[in-house]
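Going line by line, the protein sequences match chains A and B.
Each residue of the first sequence is one higher than the one before, counting from 1 in our numbering.
Each residue of the second sequence is one higher than the one before, counting from 441 in our numbering.
In short, the hints are calculated from the structure, not lab data.
Worth double-checking, as some hints may not be accurate.
Partial pick of chain A residues on the chain B-facing surface, computed with a CB cut under 7 angstroms [to be verified]:
id : residue
1  : S154
2  : R158
3  : R162
4  : I166
5  : R169
6  : P176
7  : G181
8  : E183
9  : A187
Each computed DSSO-like pair below joins lysine-lysine, with the alpha-carbon atoms no more than 30 angstroms apart [said to hold, decoys possible]:
id : chain 1 : residue 1 : chain 2 : residue 2
10 : A       : K204      : A       : K265
11 : B       : K618      : B       : K719
12 : B       : K665      : B       : K783
13 : A       : K78       : B       : K819
14 : B       : K783      : A       : K204
15 : B       : K517      : B       : K503
16 : B       : K812      : A       : K150
17 : B       : K553      : B       : K617
18 : A       : K222      : A       : K204
19 : A       : K204      : A       : K227
20 : A       : K150      : A       : K253
21 : B       : K549      : A       : K26
22 : B       : K783      : B       : K812
23 : B       : K679      : A       : K78
24 : A       : K150      : B       : K819
25 : B       : K447      : B       : K478
26 : A       : K26       : B       : K679
27 : A       : K227      : A       : K78
28 : B       : K478      : B       : K503
29 : A       : K227      : A       : K26
30 : B       : K737      : A       : K150
31 : B       : K679      : A       : K150
32 : B       : K618      : B       : K565
33 : B       : K548      : B       : K478
34 : B       : K618      : B       : K553
35 : A       : K428      : A       : K278
36 : B       : K447      : B       : K517
37 : A       : K150      : B       : K788
38 : B       : K565      : B       : K553
39 : A       : K227      : A       : K150
Built from N, CA and C at the ideal position, the CB exists for glycine as well.
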Amino acid sequence: MGEYVIKLPDVGEGVAEAELVEWHVKIGDLVREDAVLAAVMTDKATVEIPSPVDGEILWLGAEIGDTVAIGSPIVRLKVAGEGNVKADSTAKAAPKAPAKPAEVKAEPVPSAPKSAPKPVEPPARVPPPVVAPKARPPSVPGAPRAEGEKPLASPAVRLRAREAGIDLRQVPGSGPAGRIGHEDIEAFLARGPQLARATGLARKDGVEDIKIVGLRRKIAEKMALAKSRIPHITYVEEIDVTALEELRATLNKEKRPAKGTERPKLTLLPFLMRAMVKAISDQPNLNALFDDEAGIVHQHEGIHIGIAAQTPNGLVVPVVKHAEARDLWDCAAEVNRLADAAKSGTATRDELSGSTITITSLGAMGGVATTPVINYPEVAIVGVNKMMVRPVWDGTQFIPRKMMNLSSSFDHRVIDGWDAAVFVQRIKTLLETPALIFVD
Amino acid sequence: MKEISCKLLVIGAGPGGYVCAIRAGQLGVDTVIVEVGKPGGTCLNVGCIPSKALIHAAEEFDKVAHMAGGKDPLGIKVGAPTLDLTRTVFWKDGIVSRLNSGVAGLLKKAGVKTVHGWATFRDGKTVEVETETGSQVIRAETVVIATGSAPVELPFLPFGGPVISSTEALALSEVPKKLAVVGGGYIGLELGMAFAKMGAKVTVVEALPRVLAQYDAELTRPVLKRLSELGVEVMTGAKAKGLSTQGQMGKGDALLVETADGKNAKVAADRILVTVGRKPLTEGWGLEQIDLDRSGKFIRIDDQCRTSMRGIHAIGDVTGEPMLAHRAMAQGEMVAEIVAGHKRSWDKRAIPAICFTDPELVTAGLSPEEAKALGGEIKIGQFPFAANGRAMTRQGEDGFVRVVARADNHLVLGIQAVGQGVSELSAAFGLALEMGARLEDIAGTIHAHPTQGEGFQEAALKALGHALHI
């Protein structure tokens, strides 16, 4: 029998560290070669770490949410044969190992201030030196116990509890193997028997601590950065999309094959993208990234539109690259492709980065107005609200029109309200008279 | 028509019913109990007590017969014994009769009114009893159904003539020369072994691959060995097919059997004892009038023995497995206290079960397989009676005590034993499980020497890794 240490492999993308987002194993598990041990996350992509050998897990070197340096040991296994660790060095190496991915590791001494705020870890997570005990059902049953679990108590204690109206599952046992004695009942009664009575409405005092890790942490950091650094100005305008909707319906109905392939079904999004491309050609300063530390606005000629998308894991922003070079159908096809990739989690790092301006849409959920948060370090974001039929006064009467609001935010450090208004008004004109979108 | 009103009416004076009535009477509940037969039910009249009497008689006879061979290691020599089974049965009936009157006296002492007759439900509150002196209507606030169970009859071997149930087996006037036992469960083997000791040529026909199938093979091995010593033929995987009657009863009768390899065979027998199980007695007393929910063929009850109808409880064999007298008694006691207004519910940990074969079997709690099925790791400690002084002096070295415990906190989950006289160890086993004992508790209790009970302590020590005498 030997020991085998698995180090965090180079997960590519030129990163030096990765965040541990999931353990698929626990101490004591037997794993087969190629079984997934853990998942780590680099900037936006999640990478699974497989086991190169068969063995039993002895030690896990990080907790979920920890940032682990590439090359740090993360798992130790007991394997048949020699393994890759010399027997005598094991005991010494083990206690050091968890301290290795140094900068975020738990340090029992809280004196040294850290560069980044990290959750304080209990010192207890330093692993045992060589062989960790196998995971077992809890040896001392606590209270409250699970439904169906019989509390350990002698018949006389059970009778006393029954007569006092106490649910023994709620009573912690101080005896061996968690046995409940008469003194435990008395202590429980003294503390407050009202907890014992199972009434219809139970009081709940539990607090569940949910660690913000993985994509959620990325989102949290990014949003905090955007809101703390960028003074947002939000401009809301309503747009009459009746004509656009008619056009869209006609185009969808026509279903003319393009370039030998079936054309994608058009949503409103590709029209909005085309309108933005046209508006940006008049106001190129909106298609930009603001490096606020260097004090430079990088104004891009290529228009790369990020589409904020909700996925089962959280918010991601796939990017339609070079929207200025795509026609309506192209835009639609690319949006569909990216949306599918984002939802299935297969979008690449490249597809999820490099945007210069962003569209956010809550679709049918949309609401009347929203306050979109700029996708840092961009300078503008266009938010789409729900389209609905509203009465519009045409000078003589109210007529039903399909109306939709746009809620757009701008970085007020580099974009003034006037510029913002001109941009949105231009988009409004283009969408309300959709023929203009196609006029060069 | 006369009418009685009471707070509690118990139907059936078996071990469940009479205990319920006595306890209720003690608690001041106005109680009536109805029974068509003698008090004590199956257990006292045609079950536990008479069978144990007969088994004891058979053991004594066997001992003496053994001594008569002249090869008795104890050096006792006697002449060839004979058995007057009529006298044995008379002695047995005397015990039953004493206990019958004992139960009747206890009921009377507790202030319970006993009505003799067959009870039939009219509705959920009213029962009509056919007594010798006419019809008696009883109205009660609460009714407890304790009607028990009856032997299962095989359609192709109906009781009658040479085909008998355990009830008739306990009242035979002479030992059958050839006895076929259909069913290798505990009743069949207990009686089969007893008759073998009394001189019958016994053949056991069991449809399953092994006899005493509810016990593990390790536990039953000493019993199988003894069956073979007694000359009992055991046919497993064999199906009884019917009766071949070639003449008068007891003359040339045979049991038709399909053997494990599919061949037809005849088992010569002048008596055929059918012990293929017992069924709850749910017919003939108006269950259809009150339409209680069932759980399979049993009456469904909750943890307070309440049925689906308010004010009607059910206890004992009619409510399900294990069909054991002591389960019924515990239920009866609990229901009486519930009726008296106490807070009670069924929270027993262990219902020990005993098989009075030779040697005896005791089980309490979980078997090793059942404990393993819970998922956690377990420890097993086993101590053989071959290493127990008292067992040696009793010429009973076959068998062992086995303790099953959780590996992590040593909580004892189950205890089994096989050996001479181990039925008496069931008290210790039940107590240990009910008290939530750990291996250390049993190991740390002084067990008197020299007794077979030391085997229990040693088994616990063995599980802890430091048995002293092996």
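Against the structure, the hints come out as follows:
1. Nearest Cβ of chain B to the Cβ of S154 (chain A): about 5 angstroms, under the 7 angstroms cut. The hint holds.
2. Hint status for R158 (chain A): holds, given a least beta-carbon distance of 6 angstroms to chain B, under 7 angstroms.
3. Interface restraint check: R162 (chain A) against chain B, minimum CB-CB distance 5 angstroms, threshold 7 angstroms, status holds.
4. Annotation: I166 (chain A) was flagged as interfacial toward chain B, and the flag is violated, the nearest CB pair being 10 angstroms apart, outside 7 angstroms.
5. This hint is violated: R169 (chain A) has a C-beta 12 angstroms from the nearest C-beta of chain B, more than the 7 angstroms allowed.
6. The restraint placing P176 (chain A) at the interface with chain B holds, with a minimum CB-CB distance near 6 angstroms, inside the 7 angstroms limit.
7. The beta carbon of G181 (chain A) comes no nearer than 10 angstroms to any beta carbon in chain B, farther than 7 angstroms, and the hint placing it at the interface is violated.
8. A cut of 7 angstroms between beta carbons decides the hint on E183 (chain A): the least distance to chain B is about 15 angstroms, and the hint is violated.
9. Here the hint on A187 (chain A) is broken, as its CB sits about 18 angstroms from the closest CB of chain B, past 7 angstroms.
10. Restraint check for K204 (chain A) and K265 (chain A): not satisfied, since their Cα atoms lie roughly 50 angstroms apart, outside the 30 angstroms limit.
11. Straight-line distance between C-alpha atoms of K618 (chain B) and K719 (chain B) comes to about 27 angstroms, which keeps the hinted pair within the 30 angstroms bound.
12. A threshold of 30 angstroms between alpha carbons decides the hint, and for K665 (chain B) with K783 (chain B) the separation of about 48 angstroms lies outside it, so the pair is violated.
13. Taking the CA atoms of K78 (chain A) and K819 (chain B), the gap is about 24 angstroms. The hint holds against a cut of 30 angstroms.
14. Pair hint K783 (chain B) plus K204 (chain A) holds up; C-alpha atoms about 27 angstroms apart against a cutoff of 30 angstroms.
15. Only pairs whose Cα atoms come within 30 angstroms are accepted, and K517 (chain B) paired with K503 (chain B) is accepted, the gap being roughly 11 angstroms.
16. Proposed proximity of K812 (chain B) and K150 (chain A) is supported: the alpha carbons are some 18 angstroms apart, at most 30 angstroms.
17. For the proposed pair K553 (chain B) and K617 (chain B), the alpha carbon gap of about 46 angstroms is over 30 angstroms, so the pair is violated.
18. Between the alpha carbons of K222 (chain A) and K204 (chain A) the distance comes to roughly 34 angstroms, so the proposed pair goes past 30 angstroms and is violated.
19. For the given pair, K204 (chain A) sits about 35 angstroms from K227 (chain A) by alpha-carbon distance, which is inconsistent with the 30 angstroms threshold.
20. A distance of roughly 66 angstroms separates the Cα atoms of K150 (chain A) and K253 (chain A); the hinted pair therefore is violated under the 30 angstroms criterion.
21. Taking the CA atoms of K549 (chain B) and K26 (chain A), the gap is about 65 angstroms. The hint is violated against a cut of 30 angstroms.
22. Pair hint K783 (chain B) plus K812 (chain B) does not hold up; C-alpha atoms about 34 angstroms apart against a cutoff of 30 angstroms.
23. Only pairs whose Cα atoms come within 30 angstroms are accepted, and K679 (chain B) paired with K78 (chain A) is rejected, the gap being roughly 54 angstroms.
24. Proximity of K150 (chain A) to K819 (chain B) is assessed by CA-CA distance (about 20 angstroms); at most 30 angstroms being required, the pair is judged to hold.
25. In summary, the hint linking K447 (chain B) to K478 (chain B) is supported, as the alpha carbons are separated by about 23 angstroms, within the 30 angstroms threshold.
26. Straight-line distance between C-alpha atoms of K26 (chain A) and K679 (chain B) comes to about 52 angstroms, which puts the hinted pair past the 30 angstroms bound.
27. The hinted pair formed by K227 (chain A) and K78 (chain A) fails the criterion: a straight-line CA distance of about 48 angstroms is larger than 30 angstroms.
28. As the CA atoms of K478 (chain B) and K503 (chain B) are separated by approximately 33 angstroms, the hinted pair breaks the 30 angstroms bound.
29. Between K227 (chain A) and K26 (chain A), the direct Cα distance comes to roughly 39 angstroms. Violation of the 30 angstroms bound is thereby established for this hinted pair.
30. Restraint check for K737 (chain B) and K150 (chain A): satisfied, since their Cα atoms lie roughly 28 angstroms apart, inside the 30 angstroms limit.
31. Restraint check for K679 (chain B) and K150 (chain A): the C-alpha separation of about 42 angstroms exceeds 30 angstroms, so the hint is violated.
32. Distance check on the hinted pair: K618 (chain B) and K565 (chain B) sit about 50 angstroms apart at the alpha-carbon level, beyond 30 angstroms; violated.
33. Among the hinted pairs, K548 (chain B) with K478 (chain B) is consistent with the structure: their alpha-carbon atoms are about 14 angstroms apart, no more than 30 angstroms.
34. A distance of roughly 46 angstroms separates the Cα atoms of K618 (chain B) and K553 (chain B); the hinted pair therefore is violated under the 30 angstroms criterion.
35. Only pairs whose Cα atoms come within 30 angstroms are accepted, and K428 (chain A) paired with K278 (chain A) is accepted, the gap being roughly 12 angstroms.
36. For the given pair, K447 (chain B) sits about 62 angstroms from K517 (chain B) by alpha-carbon distance, which is inconsistent with the 30 angstroms threshold.
37. The hinted pair formed by K150 (chain A) and K788 (chain B) meets the criterion: a straight-line CA distance of about 10 angstroms does not exceed 30 angstroms.
38. At roughly 18 angstroms between alpha-carbon atoms, K565 (chain B) and K553 (chain B) fall within 30 angstroms of each other, so this suggested pair holds.
39. The suggested pairing of K227 (chain A) with K150 (chain A) is violated, with an alpha-carbon distance near 53 angstroms, which exceeds 30 angstroms.
The structure shown violates the earlier hints numbered 4, 5, 7, 8, 9, 10, 12, 17, 18, 19, 20, 21, 22, 23, 26, 27, 28, 29, 31, 32, 34, 36, 39.
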